[in-house]
Amino acid sequence: MFTRQARQQRQQRERQADEQAMLACLPRLRRYARALTGAGEAADDLVQDTLERAWQKLDSWQRGSPMRPWLFSIMHNLHADARRRAPPTTVALEEYDDIGQAQAALDPGVLLDLETALQLLPPEQREVLLLVVLEEMRYEDVAATLGIPVGTVMSRLSRARERLRRLLQGPGETLPGSSLKVVK
Amino acid sequence: MKIPAISEEDLHAFADGQLSAERASEIAAWLEQDLNPASASAPAHADAAQQVRDWRWQKRALHAHFDPVLEEALPPRLAAAVLAGAAHEDRPRAPAANAARWWRMAAMLLLSMASGVGGWYLHDLSGDDVHQRGQAPLVLARQAAVAHTVFSADMRRPVEVGADQEQALVTWLSRRLGTSLRAPKLAPLGYDLIGGRLLPGQSGPVAQFMYQDAAGQRLTLYVSHEQAQNRDTGFRFAQEGRVNVFYWIDGQFGYALSGGIARSELSRIASSVYEQLTPVSPPTPAPAR
Chain A
1 MFTRQARQQR QQRERQADEQ AMLACLPRLR RYARALTGAG EAADDLVQDT
51 LERAWQKLDS WQRGSPMRPW LFSIMHNLHA DARRRAPPTT VALEEYDDIG
101 QAQAALDPGV LLDLETALQL LPPEQREVLL LVVLEEMRYE DVAATLGIPV
151 GTVMSRLSRA RERLRRLLQG PGETLPGSSL KVVK
Chain B
1001 MKIPAISEED LHAFADGQLS AERASEIAAW LEQDLNPASA SAPAHADAAQ
1051 QVRDWRWQKR ALHAHFDPVL EEALPPRLAA AVLAGAAHED RPRAPAANAA
1101 RWWRMAAMLL LSMASGVGGW YLHDLSGDDV HQRGQAPLVL ARQAAVAHTV
1151 FSADMRRPVE VGADQEQALV TWLSRRLGTS LRAPKLAPLG YDLIGGRLLP
1201 GQSGPVAQFM YQDAAGQRLT LYVSHEQAQN RDTGFRFAQE GRVNVFYWID
1251 GQFGYALSGG IARSELSRIA SSVYEQLTPV SPPTPAPAR
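First to last, the sequence lines map onto chains A and B. Taking the working numbering, the leading residue of the first sequence gets 1, the next gets one more, and so forth. Taking the working numbering, the leading residue of the second sequence gets 1001, the next gets one more, and so forth.
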């Protein structure tokens, strides 16, 4: 009887710790979702789905390891699933080799704002960029979160940065440095 | 200076602060070499330096654009998603244990918000100097606002005992609080009692009555019987996000009426609550602001 009580108390303490850890991650999950999906309710929908999924598969989280990468990983999977179900327009734009052309087609002569430019990145590149730059995750953690090799993280990061730079700069303008080759 | 070959990957890692201090200083030195006119490879380094500057600019821009999200109030539905998930894990779940869990989460929300993690904090908008009068009443308002936010957003189980058992509800809550409680009648003001629940307060149980109007707008009355100060206060007003709270202390009782409705309407309802619970002259109204 006593041991059962002790076990229950331990489980309760663990549960409290889980809740607290999840709660501590919430603001950053929201920031990431907002940057990933653009403004609006869709971002919080994604966060909500992530929380619900996290509770469903709590067993897959190794207690004691940081919860944040695990939650981001769940969010990544949900977002990737959603993309597969309903490919957004940004996928089509990925076909544009010339970003200037893509931009000119959208709003000629006007520089894109940051949020629009971000949404014009292919989602795979956007994810990597945001996890590295906004979340300040280490490359190996980004790789683990997204389930891809570190080399792929680096190449996507490189392309994302270059693409974002060109989107924000507008067509025709190039700064020195754009000719640097992508490693890997 | 002999420097190992520098790849673009190194530059990314440099810009992202993911290098050892030693390697970072090597790269910093390499990037600055182009400032030296004697350096033959100045143009390439200038390109790399520009690239790093571009990336850092992007980083600043992204943080400037999205960091404000960190300071936003957490939407109740997300708090509820954490809570619902936690409750879901418990089987079987007794209502009381469930309430305790929800409340604990709410308390944690409050703590995390008070420390700035979630950006939640309660503004005391009453005319009183809170520090002079002590913090206890504001704590009451905070707890009430959080309890309101958490439970009024719960579509499945906003109350533990429904208004169809009003007498049983009042008797039960009275017994648990060790005093005689009443649920004020707000139907003339358009709000029907839908039920109530028992919550753990700071040093004992507190009661929450929930009301709803025809449009589904919910109000909660939070009643505490643990006000040790035993010092009456006038009506005070506080605001947490979209939740407005009127609260007052009456002897050992602390009351807080919370709702996402206009201050003037809430004030009218709070006056009615006060009159019903304390059939004497109403307290000093909050100074107009």
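Keep in mind the hints are simulated off the structure, nothing from the lab. Among the clues, some could well be false.
With a cut-off of at most 16 Å between alpha-carbon atoms, the simulated EDC-like pairs for lysine to aspartate or glutamate come out as follows [stated by the list, open to error]:
hint, chain 1, residue 1, chain 2, residue 2
1, B, 1059, A, 115
2, B, 1185, B, 1226
3, B, 1185, B, 1067
4, A, 57, A, 18
5, B, 1059, A, 162
6, B, 1059, A, 136
7, B, 1059, B, 1016
8, B, 1185, B, 1164
9, B, 1185, B, 1154
10, B, 1059, A, 18
11, B, 1059, A, 113
A few chain B positions that, by computed beta-carbon distances, are all more than 12 Å from chain A [unchecked claim]:
hint, residue
12, 1062
13, 1064
14, 1184
15, 1205
These figures come from a predicted structure and were not determined experimentally. Note that CB positions come from ideal geometry on N, CA and C, so glycine has one too.
Hinted pair, alpha-carbon criterion (16 Å max): residue 1059/B, residue 115/A. Please report holds or violated. It holds: about 13 Å lies between the C-alpha atoms, which stays within 16 Å.
Take a quick look at whether residue 1185/B and residue 1154/B sit within 16 Å of each other, Cα to Cα. violated (23 Å)
So if I understand the rule, the pair passes when the alpha-carbon distance is 16 Å or less; does residue 1059/B with residue 18/A pass? violated (31 Å)
Any Cβ of chain A at or closer than 12 Å to residue 1062/B, or is the non-interface label fine? violated (5 Å)
Consistency of the no-contact label for residue 1205/B, given chain A and a CB cut of 12 Å: holds (19 Å)
Verdict on residue 1064/B as a residue remote from chain A, using beta-carbon distances over 12 Å: It is violated; residue 1064/B is separated from chain A by about 9 Å at its closest Cβ, not greater than 12 Å.
Sort out whether residue 136/A lies within 16 Å of residue 1059/B, counting only the CA atoms. Since the Cα atoms of residue 1059/B and residue 136/A sit roughly 10 Å apart, the hinted pair holds (cutoff 16 Å).
Holds or violated: residue 1185/B and residue 1164/B, Cα atoms, limit 16 Å. The hint holds at about 14 Å.
Does the structure keep residue 1185/B and residue 1067/B at a Cα separation of 16 Å or less? violated (45 Å)
Is the hinted pair residue 1059/B and residue 1016/B satisfied, with a Cα-Cα distance of at most 16 Å? Status holds; Cα separation ~9 Å.
Does residue 18/A sit within 16 Å of residue 57/A, going by the straight-line distance between their CA atoms? Holds: residue 57/A and residue 18/A sit about 13 Å apart, inside 16 Å.
Beyond 12 Å on every Cβ pair: is that true for residue 1184/B relative to chain A? Given that every Cβ of chain A is farther than 12 Å from that of residue 1184/B, nearest at about 34 Å, it holds.
Going through the hint list in order, the structure does not satisfy hints 2, 3, 9, 10, 12, 13.
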